[in-house]
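K.L.:
So for the sequence shown, this note's numbering puts the first residue at 1; every next one is plus one.
Calculated from the structure, these hints are not laboratory results. Incorrect hints may have been included.
Claimed, not checked - Between beta-carbon pairs, the in silico distance windows are: (1) 89 to 162: 40 to 46 angstroms; (2) 184 to 262: 23 to 29 angstroms; (3) 73 to 223: 35 to 41 angstroms; (4) 138 to 259: 42 to 48 angstroms; (5) 141 to 223: 36 to 42 angstroms.
Claimed, not checked - Below, computed lysine-lysine pairings styled on DSSO-like, alpha-carbon distance capped at 30 angstroms: (6) 20 to 214; (7) 20 to 92; (8) 166 to 29; (9) 92 to 81; (10) 223 to 164; (11) 214 to 196; (12) 81 to 29; (13) 164 to 196; (14) 166 to 92; (15) 196 to 166; (16) 81 to 20; (17) 214 to 164; (18) 223 to 196; (19) 166 to 214.
Values in this document were obtained by computation on a predicted structure and should not be read as measured data. Glycine included, C-beta positions come from ideal geometry on N, C-alpha and C.
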Amino acid sequence: MSSNANTTVTPIDSKKPITKQELIAANIKLLIEQLEAGHSDALTHYLTAMSRFHNYSFGNVLEIARQMPTATRVAGFWTWKNLGRSVNAGAKGIRILAPIVGVRRKKDEEAQKDITKQNERVLLGFRNAYVFDISQTNGVDLPNLHEVSGDPGENIDRLAAFLKSKSIQLVYNETIAPALGMSYGGRIAILPGQSKAEEFSTLVHETAHELLHKAERRTATTKTVRELEAEAVAFVVGKAVGLVNGNASADYIQLYQGNASLLAESLEVIQQTASVILAALEPTIAETEEEPQSAAADEEAA
Numbered sequence: 001m002s003s004n005a006n007t008t009v010t011p012i013d014s015k016k017p018i019t020k021q022e023l024i025a026a027n028i029k030l031l032i033e034q035l036e037a038g039h040s041d042a043l044t045h046y047l048t049a050m051s052r053f054h055n056y057s058f059g060n061v062l063e064i065a066r067q068m069p070t071a072t073r074v075a076g077f078w079t080w081k082n083l084g085r086s087v088n089a090g091a092k093g094i095r096i097l098a099p100i101v102g103v104r105r106k107k108d109e110e111a112q113k114d115i116t117k118q119n120e121r122v123l124l125g126f127r128n129a130y131v132f133d134i135s136q137t138n139g140v141d142l143p144n145l146h147e148v149s150g151d152p153g154e155n156i157d158r159l160a161a162f163l164k165s166k167s168i169q170l171v172y173n174e175t176i177a178p179a180l181g182m183s184y185g186g187r188i189a190i191l192p193g194q195s196k197a198e199e200f201s202t203l204v205h206e207t208a209h210e211l212l213h214k215a216e217r218r219t220a221t222t223k224t225v226r227e228l229e230a231e232a233v234a235f236v237v238g239k240a241v242g243l244v245n246g247n248a249s250a251d252y253i254q255l256y257q258g259n260a261s262l263l264a265e266s267l268e269v270i271q272q273t274a275s276v277i278l279a280a281l282e283p284t285i286a287e288t289e290e291e292p293q294s295a296a297a298d299e300e301a302a
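Let's have the full structure, built from the sequences with the hints guiding it.
P.N.:
Following this line, the structure appears as structure tokens:
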């Protein structure tokens, strides 16, 4: 399986900012072209980008993965400066969309009585912004991300606490064998005796089912798609915490069954669900430094 198409930036013909929906549609179109050309590893690049940039919007994750599949840590020009690193001369930035936020002044009676209610922040649109991967910079060494290799550490406990906060019961039950885990809607059963890494991956998989497939989406998708979505969430989360080192299976190509809108929907819910789970694990996998607020607009879009 060739991966040449995934290491070359595929251009999107737009120098002007475009809407989030247009950005996603353009990236999905390019991804489908790669999949139909036999490059199933293109999907792995997108899922891997989700694991590395889970604080970014879905559209910007697609943009980063398309323009630089090898990116591991991105930031804006001035954020790198503040972190003691400089962007290499001639380095080409990775284009993302950043929100333009304005202030709308209220003129109603309530605003006149309370000065704190006079102004309201509103989204005016989007602008082009550029980030650079750490490989495009030089300077002081940065603290390494805290990653787990082969042992999920406290992540199982944190995920269990997250499930409890959602009123989802977690039990360990030998009778579900040969299944490693089962999701019942409000209750997860895990087969005891698995390695810690297997247990964590299974727990993430079943958590994804609980978050994704116990409502309208269950009747709107096939069992194959639901299993692939849950497994893709487990892949993204596993990558983010350092438990998954290989590539996603080419079986993920089955998420695309000739329908671009369904593929986009699956990828978006995978990204959103993985982000929710990773947020619950944030104390363990967060970067050690905090991004300066002044640079936030250059590095994130709503």
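K.L.:
Of the hints given before, which are not true for this structure?
P.N.:
5, 8, 12 and 14
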